[in-house]
Amino acid sequence: MGRDLLPMSAAPPALRAETLYRLAFGLGLLIAVACFVAGLAQVAVSERRLPGLAMDPLIAARDALARGDKAAAGREYRGLAAVNSRDMDLLLQAAEGLVRAGDAAGGAELIGRAWAMNPGHPRVQTSLGWALYWTKRYDEAAARFEIALRADPRDVRAHAGLAEVRLEQQRYPEAEASLLRALELDPTNGSAHNSLGVAYALTGRPQRAVEEFGIAVRLSPTPDILANLERARGEAARRQP
Amino acid sequence: MTAVGATAPAAALRRPAVDPGQPFVGFTFDYLVIGGGFSLLVLALLQSGTAPSVTVFLKEHLWTFVLLSNSAHFAGSTVRLYTRRGSFRDLPFLTMGLPLVSLAVLALGLVFPGALGQNLLSLYLTWSPYHYSAQAYGIAVLYCYRSGVPWDEAEKRWLRLACFAPFLYSFLTIPGAGMAWLMPAAALADPAAAAMRGFAATAAQIASFAAPLALFFRHQLGGRARLPLISLLAVLANAVWLVMLSYQVAMVLAVITIFHGLQYLAILTIVHVKEQMKRADNRAPAWRHAAGFYARCLGLGYLLFQVWPHAFVLAGFSYAESLLLVIAVINIHHFIVDAFIWRLRRDPSYAAVAAGRSP
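Quick note, the sequences are listed as chains A and B, same order.
Under my numbering, the first sequence has 231 at position 231, and the numbering climbs by one with no breaks.
Under my numbering, the second sequence has 291 at position 291, and the numbering climbs by one with no breaks.
Read the hints as simulated data drawn from the structure, not as lab findings.
Take these hints with a grain of salt, some might be off.
[Claimed, not checked] Covered stretches of chain B (in silico footprint by chain A; criterion: 3 or more residues with CB under 8 Å from a CB of chain A, positions within the stretch not fixed):
no., segment
1, 89-97
2, 105-119
3, 324-331
Yeah, the Cβ is synthetic: ideal placement off N, Cα and C, and Gly gets one too.
Make a model of the complete structure from these sequences and hints.
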C-alpha cells in the first residue's frame, strides 16, 4: 500500500504535462493577442487606417520609394533579400529596388548572386537593364533589354523596360510599340498602362491617355498615377469642342 | 434464389455507366467548387488571354479574393481544431503546444533570416504541393466512400500515387524549394544529374495526367469499385494547378491558392455543419452554422495575414521579411494541423460525413 503513495512534491507525470500544455497555450495565446493588437496599432498610428488587404512583400518598399524615403525602401529590399535569396525573381526585384533606393553596390551584389544561381538567364539581363535605367545609363540599359528579348521575346518586364528607355529618349512610337507588346503579354501590368498613358499624353492623345491611366489606377492606385490621370482628364476636357 | 441474388441484377441495371459521385450540396456546386471545375474554367480564360478585362478585374480584386478564400482556409483548419469537441483532450500538443512552438520558430526565423528564415520559406514551398496533392487524394477518397463502394488498400495506394505525381513534379522543378533546396547547387548543375532530373520531371508531368486517367478507365472497365467522375476531376484539377501552369508566376499562383482554399473551405464547412446539426441541443439552421463558421475563419484569416506581419515591423523588422515569414509559419502550422484533423479513418466526424449517402 505504501508503494502507491507519492511524496507531496512529485505530481503525476500526466498532470505535470497537462499543466505545462496549459501554460504553453496561455502564453501562446497571450503573445498572439499582443501581436494582433500591436499590428493593428502600428498601422492605425502610422497610416491612420486599418491594415489593408495586400499581401505583397514589396508593398512597403514601393510606398517608401513613392514617399521619397530611400532609407526605408533600402531596408525593406535588404530584408527581402536576406530572407528570400533562393527565389530569383524576388532577389532581382530587391536588386532593382536597391538601385532605385540609391544603393547601387547592394543592387549589383544581388544581381551577381542571381547570376551565379542562373548563369545567362535572360531575367538577370532584364534586371541589369532596369538597374542601368535607374542610374540613367539609357543606351546600356536598352542594350540589356534587347539581349533579354532576343533570349525570351515574352519577357514583359524587358518590353516595359525598353519602352521606359525609349520614353526617356523621346522615341515615342518605339515606346508605344514596346508597351503595347508588354500589355498584350500581361494586361495586368499597371506600370505599363501608366507608361502607355504617358506616351499617349506626350503625343497629343489625352483621351486615350485617360483610358490607360484609368486602368493603371485600378491596378495600382499610387499618387503619381492618380496625378497623371487628373492631368490627362484636364487636358482631354480642354480639347473637347 | 436468395433475396440478395434476386436484387443484385436489378441493382446492376440501375448502376450508371460512369459514377458521377454523391454530391454534398448538388452536382453543380460539387463539380465546380469541390471538384475544381470552376478553377479550370477561370485558368483557361486567363491563359488564353482572350479576356484581358477579366484578368484586370481579377488582379484589381486579387487580395480581396485571397482573403475571402485562401486566408480564410488557413484560419479554417485552426478554427476547426479548436471547435471540434475533445480536441484539447485528444491532441494536447497540437492544440496547446504547437502555437507556442510556431511563435518561437517565427521569432527565431526573423532574428536569423539567413540561417533559419529562408529555410522556413523553402520548407513551406516544398511542403505546399504535397499538401495540395494530399487534399486532392482526400477529396477523391471521400467521394469513393460516399459512392458506397469501398476501395481496398492496394487500390488506394495506386490512387495515392496518381495524386502525388504532381507533387513529385513540383519537388523536382520548383526553384528555391524541393530538390533545389535540399541538394547542393554543384550537384544539380552536373550535366548527368540535370538530365536525370529533367527526365524524371517529364515522367512526373506525364504521370500526373496519365495515371489518374488510366486508373479511372481501368476501374471503369475492369469490374472494380469505380472511381467517381468527381474524384477524377479533383485529381486532374490539382495536376493542372501544379504541373501545367507556371507555379511561380504570382498572379497564377494566387488564383490557384484561391481555388485550393475554396475547395478546402467547402469541405470543412460541410463537415462542421453536419457535426453541429447532429448535436442533440442544436436549434439553429444549417446556414447559420455555416455563416458563423465562415465568419470566424474570415476574421482569423484577416488577423493572421493582414495584421500580424505589422507587429514585427513595430519590433524593427522589415515588412517584407515579416510578411514572408508569417506566411511560411502559418502555412507550416496549417500543414501540420491539417495532417491531424483529416485522418480519414480516425476522425469519427469525417467518417460520418463520408458515409452519408444523402446530401
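Results of checking the hints against the structure:
Only residues whose beta carbon comes within less than 8 Å of a beta carbon in chain A count, and the segment 89-97 of chain B has 5; three or more means the coverage holds. Taking a C-beta to C-beta cut-off of 8 Å, the segment 105-119 of chain B contributes 5 residues in contact with chain A, enough for the three needed, and the coverage statement holds. By the rule of at least three residues with a Cβ nearer than 8 Å to a Cβ of chain A, the coverage given for the segment 324-331 of chain B holds, with 3 such residues.
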